[in-house]
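A.B. asks: Here's the letter readout for the chains.
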Amino acid sequence: DGGITQSPKYLFRKEGQNVTLSCEQNLNHDAMYWYRQDPGQGLRLIYYSQIVNDFQKGDIAEGYSVSREKKESFPLTVTSAQKNPTAFYLCATTGGLYEQYFGPGTRLTVT
Amino acid sequence: QKEVEQDPGPLSVPEGAIVSLNCTYSNSAFQYFMWYRQYSRKGPELLMYTYSSGNKEDGRFTAQVDKSSKYISLFIRDSQPSDSATYLCAMRENDYKLSFGAGTTVTVRA
Numbered sequence: 001d002g003g004i005t006q007s008p009k010y011l012f013r014k015e016g017q018n019v020t021l022s023c024e025q026n027l028n029h030d031a032m033y034w035y036r037q038d039p040g041q042g043l044r045l046i047y048y049s050q051i052v053n054d055f056q057k058g059d060i061a062e063g064y065s066v067s068r069e070k071k072e073s074f075p076l077t078v079t080s081a082q083k084n085p086t087a088f089y090l091c092a093t094t095g096g097l098y099e100q101y102f103g104p105g106t107r108l109t110v111t
Numbered sequence: 001q002k003e004v005e006q007d008p009g010p011l012s013v014p015e016g017a018i019v020s021l022n023c024t025y026s027n028s029a030f031q032y033f034m035w036y037r038q039y040s041r042k043g044p045e046l047l048m049y050t051y052s053s054g055n056k057e058d059g060r061f062t063a064q065v066d067k068s069s070k071y072i073s074l075f076i077r078d079s080q081p082s083d084s085a086t087y088l089c090a091m092r093e094n095d096y097k098l099s100f101g102a103g104t105t106v107t108v109r110a
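Chains A and B supply the protein sequences, listed in that same order.
Each residue of the first sequence is one higher than the one before, counting from 1 in this note's numbering.
Each residue of the second sequence is one higher than the one before, counting from 1 in this note's numbering.
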């Protein structure tokens, strides 16, 4: 079954803790992306990676970090430096003419 | 001013009605235009993808692009309760980076 998987679906953390969100794909796509979605604000790009061992900051990278050690995997760490981490996080890959396909998302709640 | 403006709604229509959604944008370099559907607590799924000005039809869905007015639309004919979702427009220049609208929440009443 091809696609993008994100885990966990729901995540709860205490303020001050780092947390890592998983994103795995078996579509053999080179490019992967992390977005944050907040109510009424659409999707905002956090980080993206176009090839293994390379990644670039998006529009709202502060307080986040990523790695891209394997083509299939692009984990996102939400650090304690992120001032407002509670959000819905979406991972995506690019296929064909740059159309993006999204995973099911992880809802992170930090209290 | 946001690069992509989309009325968040909510929009409520009876079953069978035509749903009309639209976005305006300010960046004249946008060349590719997409519509995504997002059900509650799920990831967005790609509905329509267009490149040029004009209409593109896929079943009950029609996407329109008017580059001269910087305006795109999505029409859903014969709407069904299963069409109840948030619809996001997205667009990009000739590269990877997508710019999204805020999304319009649609409810189709049975």
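Just so you know, these hints were derived from the structure itself, not from any lab.
Possibly wrong hints are sitting among the right ones.
The calculated label-pair distances, taken between Cβ atoms and stated as ranges, are [what the hints assert, rightly or not]:
no.	chain 1	residue 1	chain 2	residue 2	range
1	B	ARG77	A	GLN41	28 to 34 Å
2	B	SER69	A	THR86	34 to 40 Å
3	B	ASN27	A	ILE60	26 to 32 Å
4	A	LYS9	B	TYR96	24 to 30 Å
5	A	LYS57	B	ASN27	16 to 22 Å
6	B	THR107	A	THR20	34 to 40 Å
7	A	GLY40	B	GLU15	35 to 41 Å
8	A	GLU69	B	ASP7	39 to 45 Å
From the three backbone atoms N, C-alpha and C, an ideal C-beta is built for every residue, glycine too.
A.B. asks: Each hint: holds or not?
C.D. replies: Taking the hints in turn, this is what the structure says about them:
{"no.": "1", "hint": "B:ARG77 x A:GLN41: 28 to 34 Å", "verdict": "holds, 30 Å"}
{"no.": "2", "hint": "B:SER69 x A:THR86: 34 to 40 Å", "verdict": "holds, 38 Å"}
{"no.": "3", "hint": "B:ASN27 x A:ILE60: 26 to 32 Å", "verdict": "violated, 19 Å"}
{"no.": "4", "hint": "A:LYS9 x B:TYR96: 24 to 30 Å", "verdict": "holds, 27 Å"}
{"no.": "5", "hint": "A:LYS57 x B:ASN27: 16 to 22 Å", "verdict": "holds, 20 Å"}
{"no.": "6", "hint": "B:THR107 x A:THR20: 34 to 40 Å", "verdict": "holds, 36 Å"}
{"no.": "7", "hint": "A:GLY40 x B:GLU15: 35 to 41 Å", "verdict": "violated, 27 Å"}
{"no.": "8", "hint": "A:GLU69 x B:ASP7: 39 to 45 Å", "verdict": "holds, 42 Å"}
Violation of the numbered hints given earlier is confined to hints 3, 7; the remaining hints are satisfied by the structure.
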